[in-house]
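Starting from the known structure of chain A, arrange chain B on it as the hints suggest.
What follows is the residue order along each chain.
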Amino acid sequence: MTLPALGWQGLVVLVVFGVSLLIATYSTYAERVIAAFLQDRVGPDRAGPFGLLQPLADAVKLFTKEEFFPAGANRALFVFGPCLAMVTALMSSAVIPFGNFLQFGDTIVHLQGIEINVGMLYVFGMVSLGVYGIMIGGWASNNKFSLLGAIRAASQNISYELAMGLALIAVLMISGTLSLREITLQQSSAAPFVWHDIFNWNIMKQPLGFLIFIVCAFAETNRTPFDLPECETELIGGYHTEYSSMKMGLYLFAEYINVFVASAVMSVLYFGGFNFPFQYEMRDWLVSAQGLELVTAQNIITIVGLLGLFGKIFAFIFFFMWVRWTLPRFRYDQLMRLGWTILIPLAIFNILLTGGLITFGVIK
Amino acid sequence: MSLFLFISFVALLSALGVVLAKNPVHSVLFLILTFFTLSGHYLLLNAQFLAVVNIIVYAGAIMVLFLFVIMFLNLNEDTEPHKPALAKFAAAIAGGSLLLILVAAMRNISPAGYDAATFDSQIGMVDKLGMVLFRDYALPFELASILLLAAMVGSVMLGKRETGERNF
Numbered sequence: 001m002t003l004p005a006l007g008w009q010g011l012v013v014l015v016v017f018g019v020s021l022l023i024a025t026y027s028t029y030a031e032r033v034i035a036a037f038l039q040d041r042v043g044p045d046r047a048g049p050f051g052l053l054q055p056l057a058d059a060v061k062l063f064t065k066e067e068f069f070p071a072g073a074n075r076a077l078f079v080f081g082p083c084l085a086m087v088t089a090l091m092s093s094a095v096i097p098f099g100n101f102l103q104f105g106d107t108i109v110h111l112q113g114i115e116i117n118v119g120m121l122y123v124f125g126m127v128s129l130g131v132y133g134i135m136i137g138g139w140a141s142n143n144k145f146s147l148l149g150a151i152r153a154a155s156q157n158i159s160y161e162l163a164m165g166l167a168l169i170a171v172l173m174i175s176g177t178l179s180l181r182e183i184t185l186q187q188s189s190a191a192p193f194v195w196h197d198i199f200n201w202n203i204m205k206q207p208l209g210f211l212i213f214i215v216c217a218f219a220e221t222n223r224t225p226f227d228l229p230e231c232e233t234e235l236i237g238g239y240h241t242e243y244s245s246m247k248m249g250l251y252l253f254a255e256y257i258n259v260f261v262a263s264a265v266m267s268v269l270y271f272g273g274f275n276f277p278f279q280y281e282m283r284d285w286l287v288s289a290q291g292l293e294l295v296t297a298q299n300i301i302t303i304v305g306l307l308g309l310f311g312k313i314f315a316f317i318f319f320f321m322w323v324r325w326t327l328p329r330f331r332y333d334q335l336m337r338l339g340w341t342i343l344i345p346l347a348i349f350n351i352l353l354t355g356g357l358i359t360f361g362v363i364k
Numbered sequence: 001m002s003l004f005l006f007i008s009f010v011a012l013l014s015a016l017g018v019v020l021a022k023n024p025v026h027s028v029l030f031l032i033l034t035f036f037t038l039s040g041h042y043l044l045l046n047a048q049f050l051a052v053v054n055i056i057v058y059a060g061a062i063m064v065l066f067l068f069v070i071m072f073l074n075l076n077e078d079t080e081p082h083k084p085a086l087a088k089f090a091a092a093i094a095g096g097s098l099l100l101i102l103v104a105a106m107r108n109i110s111p112a113g114y115d116a117a118t119f120d121s122q123i124g125m126v127d128k129l130g131m132v133l134f135r136d137y138a139l140p141f142e143l144a145s146i147l148l149l150a151a152m153v154g155s156v157m158l159g160k161r162e163t164g165e166r167n168f
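Read top to bottom, the protein sequences are chains A and B.
All the letters of the first sequence, read from the start, carry residue numbers 1 to 364 under the UniProt record's numbering.
All the letters of the second sequence, read from the start, carry residue numbers 1 to 168 under the UniProt record's numbering.
Next up, chain A with everything else stripped away, as it sits in the complex (with noise of 0.2 Å):
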């Protein structure tokens, strides 16, 4: 079988979509399972083994429900919503490098959606059209609660946007390109020293912008303890209030996406993404001590370190449902302080520190 050079870019792209879709599946039931752990109750275990078919039996659930429309809304936007939240967490995975690359014969395959030079100016603008889902569904439902659910969401993704901005400038002074893989192979380098290449992640030159980022992530996915835009206590539900079926499913599909592109961002701006310790010597070792070709050999890196990537992706969505069962909700007025007045300062102060260090040629 052969298939000219954008095809087979076609068919990474479907593979990265169902496999966004499968992680946000699985992370429902993960999502169980880790609440369960960490408050010591058993958690699903009735559908298949471990509650493995927990996902399908709650999609059976959602798409079976009454599709309910609550009276005044407007019928077309209740329906748009959703679609809307779906479709701009989808989009961002589009551009994230999960693996270096695959060489068959004269055929190479990126393991990337599609590579622009402005990769991530593009998962920062996907991720700012994500509030209109929740905005657009959250006012058309006719429903006070759902209003201003809609509207804390609009408040705090702006809010949250202007720091996580910044603190993308910090690691753009760093690696002076705005491409995703770009960044990622620049946090690979054959150092001479052991541990190189941890040594080599934006994380260790960018430790404060990281904190700043992982917070941002945190709020610009509506995660808890940034969940105000859905808070219970207050709001019934939130902007979903009035959803229900699969409608109300897609809305909470779109939050786990968001996890996983999240994750993955995370993973190769700061984590080195699909870079591993020791990827030269153990390939040079794979050549020399086992006599493979270097194709293969580079092809075995790459599949470890598209493994080790989703590693990093995994380790993170757990530290997400962590964080979300461990921490309780932030007052709606703390969170608006926290943004303006603690992030985007330290934001701006870790812009000049990274100045000062890249202009004394401490980091580079």
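Derived from the structure by calculation, the hints contain no laboratory data.
Keep in mind it's a predicted model, so treat the numbers as computed, not measured.
Note that the Cβ used here is the ideal one computed from N, Cα and C, for glycine as well.
Don't take every hint at face value.
Looking from chain A toward chain B, a few residues come up when the C-beta cut is under 10 Å (computed) [what the hints assert, rightly or not]:
| id | residue |
| --- | --- |
| 1 | Ala73 |
| 2 | Ala76 |
| 3 | Phe80 |
| 4 | Cys83 |
| 5 | Met86 |
| 6 | Leu121 |
| 7 | Tyr122 |
| 8 | Met135 |
| 9 | Ile136 |
| 10 | Ser175 |
| 11 | Gly176 |
| 12 | Ile358 |
Calculated Cβ distances over 10 Å to all of chain A for the following chain B residues [stated by the list, open to error]:
| id | residue |
| --- | --- |
| 13 | Phe72 |
| 14 | His82 |
| 15 | Lys83 |
| 16 | Lys88 |
| 17 | Phe89 |
| 18 | Met106 |
| 19 | Arg107 |
| 20 | Phe134 |
| 21 | Ile146 |
| 22 | Thr163 |
Which residues of chain A face chain B? A few of them, derived with a C-beta cut under 7 Å, are [as the list claims (entries may be wrong)]:
| id | residue |
| --- | --- |
| 23 | Gly125 |
| 24 | Val131 |
| 25 | Trp139 |
| 26 | Leu178 |
| 27 | Gly361 |
Same frame as chain A, now just chain B:
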């Protein structure tokens, strides 16, 4: 070419939707769609940076605030004040004259020819743009940023709580 025609068609249609929609929220959503089609045009011109920044700044931030304010005001068809026929007539005349002037001014323009052989397709890339912006146009760029700073200071001044008793 067909992609250009399609995007232009959607752009015109959504721009008309902005003006013709009765519901202000629909108008805002059509405006967002218009910005998307403009970004599509930037992409066709190989200006990726401009396309993405257009989405981040206009669609992602400014229009969210628009939608935010309109949702707060809760405008809809019922509360829209009925405009007198004279005002509609005057608006049609004014808008029509503007269109006439624009068409008359643009009629004889011949687009400056570019040579496909020597045209630099990388001209819209972010590094090229940065070079031009900070090397050749550094002063205008800084002046524009001062303008934005002044606007920001002004809005902070307006938004500052006045001393004395709080009435809200």
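Now for the hints, and whether the structure bears them out:
{"no.": "1", "hint": "Ala73", "in the structure": "13 Å, violated"}
{"no.": "2", "hint": "Ala76", "in the structure": "9 Å, holds"}
{"no.": "3", "hint": "Phe80", "in the structure": "8 Å, holds"}
{"no.": "4", "hint": "Cys83", "in the structure": "13 Å, violated"}
{"no.": "5", "hint": "Met86", "in the structure": "17 Å, violated"}
{"no.": "6", "hint": "Leu121", "in the structure": "4 Å, holds"}
{"no.": "7", "hint": "Tyr122", "in the structure": "6 Å, holds"}
{"no.": "8", "hint": "Met135", "in the structure": "6 Å, holds"}
{"no.": "9", "hint": "Ile136", "in the structure": "7 Å, holds"}
{"no.": "10", "hint": "Ser175", "in the structure": "12 Å, violated"}
{"no.": "11", "hint": "Gly176", "in the structure": "9 Å, holds"}
{"no.": "12", "hint": "Ile358", "in the structure": "16 Å, violated"}
{"no.": "13", "hint": "Phe72", "in the structure": "7 Å, violated"}
{"no.": "14", "hint": "His82", "in the structure": "22 Å, holds"}
{"no.": "15", "hint": "Lys83", "in the structure": "24 Å, holds"}
{"no.": "16", "hint": "Lys88", "in the structure": "26 Å, holds"}
{"no.": "17", "hint": "Phe89", "in the structure": "31 Å, holds"}
{"no.": "18", "hint": "Met106", "in the structure": "32 Å, holds"}
{"no.": "19", "hint": "Arg107", "in the structure": "37 Å, holds"}
{"no.": "20", "hint": "Phe134", "in the structure": "14 Å, holds"}
{"no.": "21", "hint": "Ile146", "in the structure": "18 Å, holds"}
{"no.": "22", "hint": "Thr163", "in the structure": "21 Å, holds"}
{"no.": "23", "hint": "Gly125", "in the structure": "4 Å, holds"}
{"no.": "24", "hint": "Val131", "in the structure": "6 Å, holds"}
{"no.": "25", "hint": "Trp139", "in the structure": "5 Å, holds"}
{"no.": "26", "hint": "Leu178", "in the structure": "6 Å, holds"}
{"no.": "27", "hint": "Gly361", "in the structure": "22 Å, violated"}
Of the numbered hints stated above, those contradicted by the structure are hints 1, 4, 5, 10, 12, 13, 27, listed in ascending order.
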